[in-house]
Each structure stands twice: as C-alpha cells, then as structure tokens.
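Quick mapping for you: the protein sequence lines, in order, are chains F and H. End of the first sequence sits at 261 in the working numbering; the numbers just go up one at a time, nothing left out. End of the second sequence sits at 261 in the working numbering; the numbers just go up one at a time, nothing left out.
Since the hints were derived computationally from the structure, they do not count as laboratory data. This one's a predicted model, so the numbers in the text were calculated from it and none came from an experiment. There could be a bad hint or two in this list.
Unchecked claim - Quick list of the computed label-pair ranges, beta carbon to beta carbon:
| no. | chain 1 | residue 1 | chain 2 | residue 2 | range |
| --- | --- | --- | --- | --- | --- |
| 1 | F | A239 | H | T157 | 34 to 44 angstroms |
| 2 | H | A239 | F | D256 | 11 to 21 angstroms |
| 3 | F | T224 | H | R163 | 50 to 60 angstroms |
| 4 | F | S203 | H | D154 | 45 to 55 angstroms |
| 5 | F | Q117 | H | R149 | 29 to 39 angstroms |
| 6 | H | Y128 | F | K77 | 30 to 40 angstroms |
Said to hold, decoys possible - Facing chain H, according to a computed beta carbon distance under 10 angstroms, are these residues of chain F, among others:
| no. | residue |
| --- | --- |
| 7 | R51 |
| 8 | E66 |
| 9 | Y74 |
| 10 | E104 |
| 11 | G133 |
| 12 | R149 |
Glycine is no exception: its CB is placed at the ideal position from the N, C-alpha and C atoms.
2 protein chains.
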Amino acid sequence: MCELLGMSANTPTDICFSFAGLMRRGGGTGPHRDGWGIAFYDGRGCRAFHDPCPSVQSEIAHFIRGYSIKSRVVVCHIRKANRGRISLENTHPFTRELWGRNWTFAHNGQLRGIKRRPLDYYRPVGTTDSEHAFCWILDRLRARWHDAPTMPALAREIRALAADLAELGVFNMLLTEGRALFCHCGTKLAWITRRSPFGPATLVDEDLTVDFAQETTPHDVVTVVATHPLTANETWTVMDRNSFVAFRDGEPVG
Amino acid sequence: MCELLGMSANTPTDICFSFAGLMRRGGGTGPHRDGWGIAFYDGRGCRAFHDPCPSVQSEIAHFIRGYSIKSRVVVCHIRKANRGRISLENTHPFTRELWGRNWTFAHNGQLRGIKRRPLDYYRPVGTTDSEHAFCWILDRLRARWHDAPTMPALAREIRALAADLAELGVFNMLLTEGRALFCHCGTKLAWITRRSPFGPATLVDEDLTVDFAQETTPHDVVTVVATHPLTANETWTVMDRNSFVAFRDGEPVG
Chain F
8 MCELLGMSAN
18 TPTDICFSFA
28 GLMRRGGGTG
38 PHRDGWGIAF
48 YDGRGCRAFH
58 DPCPSVQSEI
68 AHFIRGYSIK
78 SRVVVCHIRK
88 ANRGRISLEN
98 THPFTRELWG
108 RNWTFAHNGQ
118 LRGIKRRPLD
128 YYRPVGTTDS
138 EHAFCWILDR
148 LRARWHDAPT
158 MPALAREIRA
168 LAADLAELGV
178 FNMLLTEGRA
188 LFCHCGTKLA
198 WITRRSPFGP
208 ATLVDEDLTV
218 DFAQETTPHD
228 VVTVVATHPL
238 TANETWTVMD
248 RNSFVAFRDG
258 EPVG
Chain H
8 MCELLGMSAN
18 TPTDICFSFA
28 GLMRRGGGTG
38 PHRDGWGIAF
48 YDGRGCRAFH
58 DPCPSVQSEI
68 AHFIRGYSIK
78 SRVVVCHIRK
88 ANRGRISLEN
98 THPFTRELWG
108 RNWTFAHNGQ
118 LRGIKRRPLD
128 YYRPVGTTDS
138 EHAFCWILDR
148 LRARWHDAPT
158 MPALAREIRA
168 LAADLAELGV
178 FNMLLTEGRA
188 LFCHCGTKLA
198 WITRRSPFGP
208 ATLVDEDLTV
218 DFAQETTPHD
228 VVTVVATHPL
238 TANETWTVMD
248 RNSFVAFRDG
258 EPVG
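With the hints as extra help, turn the sequences into a complete structure.
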C-alpha cells in the first residue's frame with residue numbers, strides 16, 4: 008500500500024489520479040478505512056481535498072478521478088490511523104502559512120513523545136502526532152528566519168529537523184512550500200525522475216493509478232516520490248533509511 | 008448579485024448549494040468571471056473549494072452542485088476582482104490557524120491604504136486587500152490573547168477591529184473560527200433565522216440556489232447571512248451600515 012505520494016515537475020503537469028483500487032476496497036473493514044487527502048499547487052495557491060470517510064463512499068474520490076490536475080507540486084497521503092481519531096481535522100496533508108507561502112506536510116509513521124515538544128507559534132487543530140511534528144518544524148523555521156532563506160540553506164535546515172524528528176520513531180515525510188518538495192525517508196520512500204518522452208505513462212499501485220498526459224514537450228521533467236516503487240520495469244531510487252532529498256522543478260536541489 | 012453568503016446552524020445541516028445561474032452566466036465576459044469559493048466546517052476541520060476560473064468552465068462548481076454538505080458553519084464568496092489579479096491565491100475565502108482553530112474570512116469591498124498596516128505574524132499569500140485585512144485582524148487577536156478568550160470578549164474585539172477597518176472604505180465581512188459566524192455590515196448585508204419547520208426551503212439568487220433538506224427536527228435553527236435578501240416572501244433583517252452581529256448555533260451572541 009502506498010501511503011505517501013508526491014510529485015515535482017518543471018512545468019504544470021497534467022496528471023490524473025485514480026483511486027479505483029482504493030474506492031473498491033475502502034469499505035468499513037478494509038485497511039484503507041482511514042481516509043486520504045491530496046494537495047496540489049497552482050502558483051502560490053494551494054488546493055487540498057480531504058476525505059476522512061471510507062473511500063468506497065467517497066464523492067470526493069469520484070470527483071478527483073475525473074478532474075484533470077495541472078500542477079508542479081503535489082502531495083498525497085493515504086492514511087492508516089494509529090494516533091488521533093478519524094476525522095477531517097486529522098486527515099493529511101496539513102497546511103499552514105509561513106513567509107507568505109502555503110506549506111503542506113504529509114507523514115507516515117509514529118513519533119514517540121512528539122507532543123511533549125513545546126510549540127510557540129503554530130498549534131495543531133487535530134490530535135495527530137503528524138500535525139504536531141509539522142507545527143514543530145514550522146516553529147523552528149520561523150524562529151530561525153524572519154524571511155525565507157536561500158533554498159540550499161532551507162533544505163539543509165529541513166534535513167536537520169527531519170533527522171531530529173526521526174529519532175522519535177518512524178518518520179517518512181513529504182513537505183513543500185509550493186516550489187521545492189522536501190522528502191525524508193525514515194524507513195521507506197522511493198523516487199523516479201521521468202524525462203520526456205515519458206514512454207509508458209501509467210504508474211500503478213494496488214490503491215491508485217497516476218496517468219501522465221500524453222502531450223509533453225522535450226523539456227518536461229517530472230519526479231514522483233512514493234512509499235514504494237510504483238512500476239516494476241523502471242529503475243526507481245529506493246532511498247536509504249534516514250536519508251533526505253529535495254526536488255525543485257523535478258530536479259534534485261540542496 | 009450575491010457576493011457574500013454565510014450560514015450558522017445548531018446542528019449539521021444538509022444544504023445543497025447550486026451555482027446554476029453562476030455557471031450559466033460565468034463566461035469570459037460576464038460579471039462573474041472572477042471566481043468564487045466556499046468553506047464549510049466539519050467539527051474542527053474545514054473544507055474549502057476555490058475556483059478562480061469562469062464558472063461556466065468549472066468542474067468544481069459542477070461537483071459542489073451535486074455534493075451534499077452537512078455543516079454548521081459555511082462561508083461562501085463570489086468574487087468581483089477589484090484589487091489583485093485573478094488567481095487561486097487571490098480567491099476568497101481565506102483560511103489561517105489561530106489558537107488551534109481554522110479561521111475563515113471573506114470580504115466584499117475595498118480598503119484604501121490597508122497594505123500600509125504592518126503585519127507581525129500572518130502574511131498574505133496573495134495580493135488582495137482582503138487577505139491583508141484578514142491577516143491584520145488575526146494579528147490583533149493573537150497579540151491580545153495567547154489563548155482563545157470567552158465568546159463575548161472575542162465578539163466585542165472583532166466588532167471593534169471590523170469597525171476600525173470599515174473606516175478605510177467598504178467592508179462587508181464574514182469571519183468564523185468554526186463555531187461563531189461574525190458578520191460586519193459596511194454597506195450591505197442581511198440575515199434571516201429559520202426555525203423548523205422550514206416551510207419553503209429554497210433560497211434563490213440570480214447566481215445560486217440554497218436548498219435545505221426536508222428532514223429537520225423541531226429544534227433546528229439555521230441562520231443565513233447574505234449580501235441581500237434571497238427571498239421576497241420572508242422578513243429578512245437588513246443590517247444597518249456599519250453594524251455588527253455574531254451568530255452561534257444559529258442564534259445571535261455577543
């Protein structure tokens with residue numbers, strides 16, 4: 008099962024997420040009873056859709072399936088609840104404003120004792136460990152810089168904060184401010200960079216399908232990050248435990 | 008044309024917003040080319056849908072039309088852009104977190120010189136006067152109270168802040184933290200409280216239709232706030248210029 012899915016591209020990329028498997032198996036007793044959410048950026052704006060309900064009943068999943076998304080940065084999360092009751096406010100991804108940008112965060116794992124870390128500025132709306140960790144990261148960034156620093160400095164700091172959090176348990180993370188996609192692998196995360204021409208354009212998981220539009224230019228670069236490789240016939244980079252990578256415009260930065 | 012629409016109810020109320028008129032006339036040259044947005048609460052969680060595109064092309068408007076919304080607090084805005092380019096980040100309503108709650112804001116009007124007011128904590132993502140005013144309100148609330156005050160104290164403070172902003176121009180506002188709906192009328196705003204049995208359950212504007220579910224209990228109370236009365240055969244309270252009212256569970260508070 009894929010719990011985290013992210014995308015970074017150098018041009019607004021027309022991808023279509025299909026949750027057919029999720030919808031088919033998302034009943035009251037299945038492993039996917041805990042909802043899912045997706046956020047995608049359009050310039051500085053950010054759209055998020057959250058569905059805490061079993062997907063089989065989900066009007067939103069049906070809508071997203073038919074909705075063509077043009078975006079350069081996407082963060083998607085399929086939840087298996089382990090802390091926090093199942094509710095809209097506990098459904099990833101989470102979003103907050105920092106430095107005049109919308110930040111979005113999704114997490115897979117558990118963090119022991121995270122709630123003992125004090126928060127100055129950002130407060131969780133829900134009760135998950137994950138949202139607390141997100142607020143803690145943004146608190147640290149805000150405390151360190153009054154305005155957005157350079158991208159290399161930002162990536163270094165987020166790498167250090169993620170490594171700190173990973174000491175509390177399992178921490179697989181996708182984080183973005185709408186330009187870069189910051190990825191920490193605590194236990195499992197993989198990525199692939201596809202360049203035009205994309206060739207076979209479908210990524211398949213038991214839960215979802217990602218279709219890339221056929222119309223691409225020779226300059227298109229799209230990186231997909233997921234809990235595990237979504238295709239068997241391509242070479243994914245399976246990240247090491249406790250490693251970090253950031254992408255911007257589909258290319259690694261840092 | 009209705010620019011602001013809000014709802015406060017004492018029970019999750021099944022309302023169906025229909026944007027048929029908006030979709031029919033929302034072409035590239037019509038008065039509604041500037042998009043619309045809606046936010047509705049589910050407990051502490053908040054869902055928002057924004058559509059900066061002409062509604063006639065809008066997949067989101069079609070989706071919302073068929074989506075049954077159960078909520079106690081709703082804020083909807085239909086935009087006529089006067090400041091800030093048409094884009095996702097400039098589309099109302101705006102949302103920020105304060106005191107562990109999602110706050111949502113929508114505004115009709117213009118505010119001269121608002122951008123000269125300094126902001127400490129909250130920064131606009133887009134370029135509208137409205138988002139700047141929203142950030143200013145939250146800044147003032149945060150500076151005054153570390154944690155949420157009592158509802159009467161909060162309503163008094165928001166009333167004073169709104170009156171202050173209204174001196175800069177036209178300021179018709181809907182603001183909520185998910186429980187109370189704070190309403191400032193600068194020039195035009197009206198409301199009606201409906202109690203079960205609701206009788207004729209349809210509110211019609213040239214742009215939209217609001218249908219209440221037929222199934223209500225004898226205790227249901229629903230207040231609707233709009234730029235102008237949406238029905239001719241009922242007695243709406245047309246607010247005085249520069250007046251304020253707050254609703255919780257459909258009833259006035261303050």
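Going through the hints against the structure:
1. Checked against the given bound of 34 to 44 angstroms, the beta carbons of A239(F) and T157(H), roughly 60 angstroms apart, lie outside it.
2. Checked against the hint of 11 to 21 angstroms, the C-beta distance between A239(H) and D256(F) comes to roughly 55 angstroms, which is inconsistent with it.
3. Under the hint 50 to 60 angstroms, the C-beta atoms of T224(F) and R163(H), about 57 angstroms apart, fit the expected range.
4. One distance hint, 45 to 55 angstroms for the beta-carbon pair S203(F) and D154(H), holds here, with the actual separation near 53 angstroms.
5. Checked against the hint of 29 to 39 angstroms, the C-beta distance between Q117(F) and R149(H) comes to roughly 31 angstroms, which is consistent with it.
6. Taking the beta carbon of each, Y128(H) and K77(F) are about 32 angstroms apart, inside 30 to 40 angstroms as hinted.
7. A hinted interface residue such as R51(F) counts as satisfied when its beta carbon comes closer than 10 angstroms to some beta carbon of chain H; here the least separation is about 4 angstroms, so the hint holds.
8. Of the supplied interface hints, the one on E66(F) holds, with its beta-carbon coming within about 5 angstroms of a beta-carbon of chain H, less than 10 angstroms.
9. Contact between Y74(F) and chain H, as hinted, is supported at the beta carbon level, the nearest pair being about 6 angstroms apart and thus within 10 angstroms.
10. Using the Cβ-Cβ criterion of 10 angstroms, the hint placing E104(F) at the interface with chain H is satisfied: the shortest such distance is roughly 6 angstroms.
11. Below 10 angstroms, beta-carbon pairs count as interface contacts, and G133(F) has one with chain H at about 7 angstroms; its hint therefore holds.
12. At a threshold of 10 angstroms, the smallest CB-CB gap from R149(F) to chain H is about 9 angstroms, leaving the interface hint in force.
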